[in-house]
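Chemist: So you can see what is in the structure, the chains are spelled out below.
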Amino acid sequence: EAGVAQSPRYKIIEKRQSVAFWCNPISGHATLYWYQQILGQGPKLLIQFQNNGVVDDSQLPKDRFSAERLKGVDSTLKIQPAKLEDSAVYLCASRAGGDGANVLTFGAGSRLTVL
Amino acid sequence: RKEVEQDPGPFNVPEGATVAFNCTYSNSASQSFFWYRQDCRKEPKLLMSVYSSGNEDGRFTAQLNRASQYISLLIRDSKLSDSATYLCVVDDYFGNEKLTFGTGTRLTIIP
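Quick mapping for you: the protein sequence lines, in order, are chains A and B.
Each residue of the first sequence is one higher than the last, beginning at 253 in this note's numbering.
Each residue of the second sequence is one higher than the last, beginning at 3 in this note's numbering.
Everything labelled a hint here was simulated from the structure, so no lab data went into it.
Don't take every hint at face value.
What the hints assert, rightly or not - As a list, the in silico DSS-like pairs of lysine-lysine whose alpha-carbon atoms are at most 30 Å apart:
no., chain 1, residue 1, chain 2, residue 2
1, A, K335, B, K4
2, A, K335, A, K314
3, A, K314, B, K4
4, A, K330, B, K4
5, A, K314, A, K267
6, B, K81, A, K314
7, A, K330, B, K81
8, B, K81, A, K335
9, A, K267, B, K81
10, A, K267, B, K44
11, B, K81, B, K44
12, B, K47, B, K81
13, B, K47, A, K330
14, A, K296, B, K44
15, A, K314, A, K330
16, A, K267, A, K296
17, A, K296, A, K263
18, B, K81, A, K323
19, A, K263, B, K81
20, A, K314, A, K263
Work the whole structure out from these sequences, hints included.
Modeler: Written as structure tokens, this is what we have:
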């Protein structure tokens, strides 16, 4: 079974620039998550999709962050404009859903450095 | 109070020792609990789920105490390869399957 694919793996930008990350979840997984992990901290949920609908985006800084999952499969996360504090690893994860015991599988992450 | 709180680290323990981590959660309606392991500069991976009756997987034992709202992870006969960050994860499941991670506890096994 193919895992969760993310790109790019690394991105360096200057503050106020924009960046986009892409995620392709495991085939058939209905639930997709974007997490932000700052160095030394645990992953923080930014947004959760169930198919192509948003379930939870309460912690997404909507003035600069946006995410979509138009066809209920792959997803993009965009930051515009970036701030220094956005430097982090952006982790995408997917889950089959409908069963609390299902495993959450993460992609390798996209490491963002904002200069 | 944070939704999920973990023991402050880092833990530096000698090889072969037993080490235990605790994690408390604030939502009494939480239904599912997990321990994830994260190696340096890697993504988190599921270590084990935590069941109400407690469960064991080789050298690893997980316990859940619903009354006190905490879960624990015990590692016996620790190996150098156990060095990692251990993340406590709580899932409210009957809500929207929101998964909340703790900040993680860093463990280093010393030869």
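Chemist: Which of the stated hints cannot be reconciled with the structure, identified by number in ascending sequence?
Modeler: Checked against the structure, the hints that fail are numbers 6, 7, 8, 9, 18, 19, while the rest are satisfied.
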